[in-house]
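Novice: My request is simple: use the sequences and hints to build the entire structure.
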Amino acid sequence: MSRKSFPYKPSGGDLRDLEQPGYYAGYSTLAQKKHWEAATRELVTHRVDKTPSTIRFFSQEEADVLTAIIDRLMPQDDRASMRTISVLPVIDERLFTNSLNGFRYEDMPSDREAYRLGINAINEMALSRFDQSFIGLPVHRQELILKSLHDGKPDPEHPTWQRMPVHRFWALLMEDCVTAYYSHPWAWDEIGFGGPAYPRGYMRLEHGLPEPWEKDEQRYEWNAPADSLSELDEEGAPPEHSSLHGHGGTH
Amino acid sequence: MSFILTTALERSANRSLPEPLSGAVTTALEHLRKGCFQRSLCLVVSATSVASGLEVGYEHYKGSYSNPVMYTPVALSAALAGAGLLGFFSGVAARTLLRWISVITLADGIIGFFFHIRGVARKPGGWKLPVTNIVMGPPIFAPLLFGTSAYLGLMASYLRREEDLHSVAGRVHNAISEFAPGKADWRTNLRYGRFQKHLSSVTVLWAFFSGFEALYSHYKANFRYKAQWSPVLLTPLVMAAGIGAVKSRRIANTALPAASALALADGAIGFYYHVRGITRRPGGVKKPLYNTLYGPPVFAPLLFAACGFLGLMASLLRREKK
Amino acid sequence: MPHRLGPMQTLPSPMQRFADSDPVDYCIVGAGSAGGVLAQRLARAGFRVVALEAGPFWDTEKDWVSDEKGSHELYWNDLRITGGTHPLALGSNNSGKGVGGGSVHWAAFTPRLHPSDFRVYTQDGVGADWPISYWDLKPYYELLERELPVAGPAWFPWGDPHGHPYGPHPLGGVGDVLVRGCTKLGLRSVAGGPVGILSASHGDRPHCIYRGFCLQGCKVGAKASTLITHVPDAIRHGAEIRAHAMVARINLRNDGRVDGVVYIDREGKEHFQRARAVIVSAYSIETPRLLLNSACTGHRHGLANSSGTVGKYLMAQAGNVVAGRFDQLIRLYKAPPAHALTEEFYETDKSRDFARGFAVQTVGPLPVAFAKQMVAAMGAWGWGLRRVMMDYNHWAAFGVLGEILPWQDNCVELAEEKDQYGLQVAKVTFNLHDNDKKLIEFAKNKVMEIMSAAGAKHVVQEARFAHLVGAARMGNDPSTSVVDKFGRTHDIPNLFVCDGSILPTQGSANPGLTIQALAARTADYLIKQGENIFFSNRRDLSEPGIRYDLSPPYTHFRGNPRIA
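Protein chains in written order, with the UniProt record's numbering: chain C, 1 to 251; chain F, 1 to 322; chain Z, 1 to 564.
No lab work stands behind these hints: they were computed from the structure. A hint or two may mislead.
Stated by the list, open to error - Mimicking PhoX-like on lysine-lysine, the simulated pairs with C-alpha atoms at most 25 Å apart in a straight line are:
no., chain 1, residue 1, chain 2, residue 2
1, C, Lys4, C, Lys147
2, Z, Lys457, Z, Lys350
3, Z, Lys138, Z, Lys438
4, F, Lys286, Z, Lys446
5, C, Lys33, Z, Lys69
6, F, Lys128, C, Lys34
7, C, Lys50, C, Lys33
8, Z, Lys446, Z, Lys457
9, C, Lys9, Z, Lys457
10, Z, Lys184, F, Lys286
11, Z, Lys457, Z, Lys444
12, C, Lys34, Z, Lys457
13, Z, Lys62, C, Lys50
14, F, Lys128, Z, Lys62
15, C, Lys33, F, Lys220
16, Z, Lys485, Z, Lys350
17, C, Lys215, F, Lys128
18, F, Lys128, C, Lys33
19, C, Lys50, Z, Lys69
20, C, Lys215, Z, Lys457
21, C, Lys33, Z, Lys62
22, F, Lys226, C, Lys215
23, F, Lys220, C, Lys215
Specialist: This is how it looks when you write it as structure tokens:
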């Protein structure tokens with residue numbers, strides 16, 4: 001069972017067991033699926049209904065550690081258990097089928113190996129720093145270790161990070177996590193994205209106006225869990241890696 | 001004796017306006033009532049077809065003239081504007097050239113209507129997505145609205161000229177028509193300014209078309225401003241007054257001019273807002289062409305005002321002779 | 001169900017089938033931006049043409065989805081190794097795999113190069129000159145702008161000012177931000193194009209529906225890709241497009257001429273397609289890789305590589321993404337990502353400390369791409385990432401498009417590793433040089449300034465690169481270039497290269513339109529030369545003259561009258 005820590009509203013009250021986090025209460029992209037064409041409808045409903053349940057690439061131990069890591073990288077403690085978005089099975093599926101992203105950095109091992117090395121290193125870092133496996137650590141300590149990777153200064157040092165640059169591993173991991181999470185219709189509902197749009201496109205292009213089936217934003221204040229290290233640091237600059245850059249195709 | 005708008009207007013003009021002006025108003029109203037306003041209507045036709053030519057010109061520019069048939073309304077607007085001008089100078093031109101160009105333009109509007117329906121059908125999802133595709137497809141009623149000036153041109157071609165009112169021949173004709181027994185055909189009715197019911201029903205139709213355009217384009221903009229509801233709400237009012245005017249002379253002289261005046265005013269205000277909307281777009285007046293293309297359509301409120309104009313005109317005419 | 005190419009168009013059937021042993025006139029390697037245009041032109045001129053495509057023949061209704069993750073297969077996902085001081089991200093950012101190639105997932109920005117781009121060395125003392133001038137290419141730009149067709153402003157004020165055949169598109173939220181920011185700073189901008197996306201229906205292709213999924217393959221058929229613009233016409237005129245045919249090497253005869261290519265079909269079986277001439281149009285990575293993999297006796301270091309420049313002078317444009325958060329809603333996922341730009345900083349400015357310049361364009365990342373940007377630009381993770389993503393609809397994003405100069409050490413080589421076909425994979429090395437770094441620094445700050453001027457409360461940026469070109473450059477001197485000004489290799493008279501890899505410099509314009517214009521020009525040359533290509537080693541470098549009668553249907557008598 002993974003550990004939890006909950007975000008909360010400043011006015012009081014944990015944000016937990018939410019059907020739908022975010023500022024678009026009552027908005028559902030899936031409710032629009034009758035307006036999507038067959039190929040997309042099939043793909044997206046399959047993504048929601050048929051999450052692969054068996055882990056085929058990772059060993060059970062690796063899967064457990066990676067689950068705990070993902071719970072901190074892509075925390076979903078606010079989501080109701082029936083509404084959490086599967087991340088690990090998607091990564092496992094990709095690695096099992098060896099579906100590549102088209103390239104590998106010359107200073108990196110293959111994606112499969114990178115994951116194995118990285119998971120192992122993180123677990124060993126936990127053991128050497130806190131004398132406990134990563135899974136057993138309290139949330140805050142898990143975040144301490146991950147934050148050190150995020151900052152590019154692994155604490156404690158581990159030989160794996162001599163073999164593969166820590167910022168590249170971090171980018172690999174984060175990108176796989178966000179790909180799994182933000183390709184899910186429940187995440188689209190959370191952020192107010194319109195979802196698939198064919199054959200029906202958009203009518204209201206400017207001023208952020210909602211389509212008739214979209215919802216207007218209803219903002220509220222919320223805070224990350226009190227001891228969380230992953231809140232954005234508005235003042236601080238992002239980690240500087242001369243060669244870290246985006247992998248998305250935008251133009 | 002029921003309330004007659006023109007009589008009331010004449011009276012109040014006589015009472016409150018100084019001489020040359022009150023005389024002019026009386027004459028103008030008489031010209032209208034007697035159907036002797038060919039020259040002025042020709043000028044109106046000329047002006048409106050310049051406006052609608054500009055509008056269809058830039059709307060079809062947006063549509064990239066991807067079908068050569070899209071040039072026809074632009075060319076016809078120019079032709080109609082020219083014919084209107086000629087009609088102002090020559091009665092023969094008004095009765096021949098203007099009439100035929102108006103008929104062709106009206107036919108073009110109807111053909112365009114079918115092309116626009118087809119355009120909506122050919123959008124992804126076609127008529128299965130009526131709302132999206134009507135909003136985003138070619139404006140379906142625009143080709144019919146484009147026919148407004150052609151319709152006026154056709155009317156003008158049957159009218160008598162201003163000078164006919166007091167000419168000898170004109171008076172004789174007048175007398176004959178006033179006292180001739182039997183059913184008058186529509187041409188005679190037109191010639192003598194007896195087409196109030198006809199024009200009222202046309203007003204109803206036009207109000208529906210332009211009101212519908214206002215409805216979906218303001219819906220597209222999510223009714224961001226309260227004022228965007230005004231043409232949508234006024235439309236049924238004008239339509240009801242127009243239908244009433246067909247049935248009752250009283251309504252034609254009271255409710256119709258009132259509702260039409262409101263529509264006219266609303267169109268004028270809308271025109272101001274649309275122009276302001278264009279200047280407020282990103283780039284504002286520094287991008288005049290683009291912002292006219294994709295800002296609020298400048299001429300659309302004027303089209304709505306045009307239906308108010310038609311209604312007002314209807315209320316000043318005489319009713320058809322039975 | 002017929003094979004669909006957009007909602008109204010179907011694949012012409014039956015398609016010509018050539019036997020492997022049946023020597024075709026032209027074998028084109030890669031049915032992408034250039035390959036599609038070449039096949040169409042050559043087939044119309046009556047040549048027997050086969051285009052071999054490594055990927056599938058897309059059925060847009062069945063194979064494509066309106067979904068980011070589900071569109072993974074549009075990209076070239078096979079292994080490539082990337083390195084250097086600033087390694088390029090490949091994959092989704094690059095060539096496509098499948099008929100239509102990269103034009104299937106391009107954003108379809110179609111600016112022309114400027115006249116100055118063809119004379120970079122003469123004017124600025126850096127990079128290289130082209131063997132042709134802008135004016136040689138201009139009629140092809142105009143023709144291709146009609147064939148795609150390109151929607152854009154009536155007046156495009158930069159470079160050689162010109163208009164566009166189709167009217168501009170409406171602006172989306174991001175375009176509004178770009179125009180507002182530029183206006184505030186007194187910079188000119190253009191709205192609604194130039195893009196190869198339909199702003200009106202065109203034959204059997206409908207008008208854009210502004211759904212924002214351009215990069216995922218346009219199911220609407222509004223965005224131009226050779227899959228729907230040129231390939232159907234090629235097939236109708238007797239060309240064969242052979243999908244799932246990965247070319248392994250080009251075969252050289254003893255007399256120094258090529259006679260066909262070896263390719264591997266989807267079952268892994270090897271075939272030899274005989275051809276009287278071969279045109280390689282396989283992208284700036286696969287083209288040099290194929291030439292290098294085809295090394296043989298007499299061509300130890302790769303085919304057509306006597307100059308040693310095959311794979312060298314690879315270029316990518318600086319593509320930094322600048323994102324700005326606004327208090328009001330933007331909803332950047334609506335409208336095509338590509339719809340407004342400024343080229344105010346395109347040309348060399350003596351007051352700056354670097355040569356050449358950059359363009360600023362709208363981009364419209366969908367949630368996954370945007371999340372990745374936030375990971376890179378803000379270092380977002382955990383709760384911070386969840387929070388910033390909840391504000392997705394408040395962000396707008398611009399892309400820098402900066403000219404990086406051609407350097408010899410930026411290159412494609414062969415790595416030791418092999419792919420699923422047993423072929424050595426490409427290793428791409430990319431380093432930034434002093435001029436490039438200064439340009440990127442300036443461009444990034446300028447774009448952030450525009451974003452702030454538009455009213456953004458928080459502006460961040462991530463470094464990235466886009467648009468690989470070069471690596472088999474054209475030139476007049478056989479000792480410093482791979483091909484001549486018509487794409488014919490200096491070394492082998494019946495081997496041609498025609499794609500982005502022949503560009504000597506890249507300007508700050510998206511290369512798609514230029515690649516297609518060059519392909520149409522090469523096609524005209526080949527048609528003019530006729531049988532000479534197949535039987536003679538003589539190199540006739542006279543200009544062919546443009547052919548207006550070889551365009552696909554709906555090219556002429558459509559579109560707005562142009563004022564320039």
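Novice: State for each hint whether it applies.
Specialist: Structure-based check of each hint:
| no. | hint | in the structure |
| --- | --- | --- |
| 1 | C:Lys4 - C:Lys147 | 17 Å, holds |
| 2 | Z:Lys457 - Z:Lys350 | 32 Å, violated |
| 3 | Z:Lys138 - Z:Lys438 | 31 Å, violated |
| 4 | F:Lys286 - Z:Lys446 | 21 Å, holds |
| 5 | C:Lys33 - Z:Lys69 | 17 Å, holds |
| 6 | F:Lys128 - C:Lys34 | 12 Å, holds |
| 7 | C:Lys50 - C:Lys33 | 16 Å, holds |
| 8 | Z:Lys446 - Z:Lys457 | 16 Å, holds |
| 9 | C:Lys9 - Z:Lys457 | 24 Å, holds |
| 10 | Z:Lys184 - F:Lys286 | 11 Å, holds |
| 11 | Z:Lys457 - Z:Lys444 | 17 Å, holds |
| 12 | C:Lys34 - Z:Lys457 | 38 Å, violated |
| 13 | Z:Lys62 - C:Lys50 | 20 Å, holds |
| 14 | F:Lys128 - Z:Lys62 | 20 Å, holds |
| 15 | C:Lys33 - F:Lys220 | 22 Å, holds |
| 16 | Z:Lys485 - Z:Lys350 | 30 Å, violated |
| 17 | C:Lys215 - F:Lys128 | 23 Å, holds |
| 18 | F:Lys128 - C:Lys33 | 15 Å, holds |
| 19 | C:Lys50 - Z:Lys69 | 16 Å, holds |
| 20 | C:Lys215 - Z:Lys457 | 24 Å, holds |
| 21 | C:Lys33 - Z:Lys62 | 17 Å, holds |
| 22 | F:Lys226 - C:Lys215 | 20 Å, holds |
| 23 | F:Lys220 - C:Lys215 | 15 Å, holds |
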